[in-house]
Amino acid sequence: MLEALDIFTQANFWAATLRIATPLIFGVLGALLCERAGVLNLGIEGIFVAGAMSGWLAVYLGLPLWGGVAVAAFTGALFGLIHGVLTVPLGLSQHVTGIGVTLLATSVAYFGYRVAFPNVATPPRIEPFAPLDLPLLGDLPFIGPILGQQTAFTVFAFLCVGVVAVVLARTPLGLALRAVGDNPEAVEAQGLSVVALRIGAVMAGSALMALGGAFLTLSAFNAFYFGMINGRGWVCIALTVFASWRPGKALLGALLFGALDAYQLRIQTIAGGVVPSQIFLMLPYIVSIAALVLVARRADYPRALMKPYFKGQR
Amino acid sequence: MIRFVPRERTPVWLTVAVSVGAGLVALLLTAIPLALSGAPVFTAFALMARGAAGDGFALAETLTRATPLIFTGLAAAVAFRAKLWNIGAEGQLYAGALATVVLGAGLVEAPSYVLVPLVLLGAAAAGAALLLVPVLFKTRFGADEVVVTLLMNFIVLLFVQMMLEGPVKDEMALGWPQSAPVLDEATLPKLVAGLRLHWGLVLAVVAAVLLHVFISRTVWGFRIRAVGENARAARYAGLPVGKAMALVGILSGGLAGLAGASEVAGLKGYLTADLSPGFGYAGIVVATLANLSPLGVVPSAIFIAGVFVGADSMSRAIGVSNYLADLVVAFSLLSVLVGGLLTRFRIVFVRREPA
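Chains as they are written, first to last, in this note's numbering: chain Z, 8 to 321; chain C, -13 to 341.
Note that these hints are calculated values from the structure, not bench results. You may find that some hints are simply not true.
Below are the DSSO-like pairs computed for lysine-lysine, each with C-alpha atoms no more than 27 Å apart in a straight line [to be verified]:
1. Lys69(C) <-> Lys318(Z)
2. Lys176(C) <-> Lys254(C)
3. Lys155(C) <-> Lys176(C)
4. Lys69(C) <-> Lys314(Z)
With the hints as constraints, model all of the structure from the sequences given.
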């Protein structure tokens, strides 16, 4: 029993928490940006895959690591553009279109990977982001080893939380974005374009989602694997509701989920012989569903979420 | 200036034309990445067509692959009609498959006219029970069923893996975990000796016809459609919305469960964790391509199955990745969604924006 508690005192555990949380931070931020503007983006799972693959491939082909990050963001924005055009001006079902974008992004990534590497036994590798070398913080006891295992990509994720929070809460653009997800008529009355705002938000959100995927291939691992996203995108959609569409809470939700996932991985080795490993692997998904069910009633959904807007029509 | 004017009625020929057109557009769009990859586009498509329907053997293989897709396509069609976004057919398929080996691999010994119906019923019940959970979460707690059904797919697959390493494991099989084989009495017979085609196809087509009759000719079918078109109006009119949703859940989950039973009892004979290469997700495409019509699901499933079987065969012949099939499927879904605008709206060109 003590062993189970002991995990919390290990710097490794907290380092893993941050590492697991980072892609989710990007994903939840992206989903929240889309949904705040009124568009549910179920393309997230596929956009994660496309971001992971394109960012990695760019680096493999010789771009610097941050170049790969930019390529991933651009790829995400492209798929966001597809989702945005189909759901905003054309008003198609956001559910089905999102699933379509996921299928498309996933198959483009997989097909592209197979074209680039027709027959490889072991996945080709790149040199990923190096752990941070912090001058003062790195020497601190406990905190030092935790931070020393992170990369600049994780720092970037935290920066993005701040930027999205400030833009949403403090700028005219943020006000317009929030309004377009709550009351698009009012936005139109201000002379702003609902279509442009929503498509812009979906593109920016999708770019963030793709960064979540790119973190996996450029920082957490050093190669691209089939099936490596494994539901992370869907988890982000659940966490977005849990976070009530707020960047700060999104960060908290991602960290909690990261801690849970890191914990189940460690407890598996302790209880491994007695309890089947699958039980632990199920936990993150079960907790996501539980969190969703618990907050669903109180959830303050953006009022125009999933409601297409057509000019001059109520 | 282009305006969309809603249509009062949509002619059937237009609906069919849009679906066929979407399939063709999808093939055209797929030609772009295919050409970019440096593969011979025409050869690849010709080989795909031949692999899918070139001879009797190929055609039988396509129909075999279409069988689970008809079931999952029907599962998506009935759910989406009621705007119940069941994206969990993959998990429900595995639940049905698990029920099939639990009941059919020795637990119950009975002649086939008892055991086959029992296995099918058990599989449908397992799939239905699995979908009733998110339906309950939706109606009781307002939790979005999309995310819940999606996440449940991962839970079910892990549960199946756990069962395959434990209670339903075949002690005789070495290495890769698989279940004990289903008894002969629980097996769906082959349709033609020497081919993999089995009675599951007949069941699937019968299910499509029954579902069509149910949705278009019965009171509950009408209620389901009413709930899908406008849940608030249906509730205002005094329709039992909760019960209708539960019924949709039972039908949709049950059909997806049958897909699993048909694959195990008709084709594979035992359960492994890689039973379905995404039949559940492909069912969404099948249903959308069929404009959510149960009868349309049959040809639509055959088309998607042909794409997969053809791509496999083409891939073996000239080494172009069979992920090409997934590209066609994804493009089909998006094209038919856009094409669907033509069935719902008339496009009118007007000179000037009306004041």
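Point to revise | Hinted pair Lys69(C) and Lys318(Z), Cα distance within 27 Å | key: holds (25 Å)
Exercise for review: With a cut-off of 27 Å on the C-alpha distance, tell me whether Lys176(C) and Lys254(C) pass.
Suggested key: Given that 27 Å is the threshold and the Cα spacing comes to 12 Å, the pair holds.
Check your understanding: Within a Cα-Cα threshold of 27 Å, do Lys155(C) and Lys176(C) meet the stated pairing?
Key -> holds (26 Å)
Check your understanding: Do the alpha carbons of Lys69(C) and Lys314(Z) lie within 27 Å of each other, as the hint requires?
Key -> holds (14 Å)
When each numbered hint is compared with the structure, no violation occurs for any of them.
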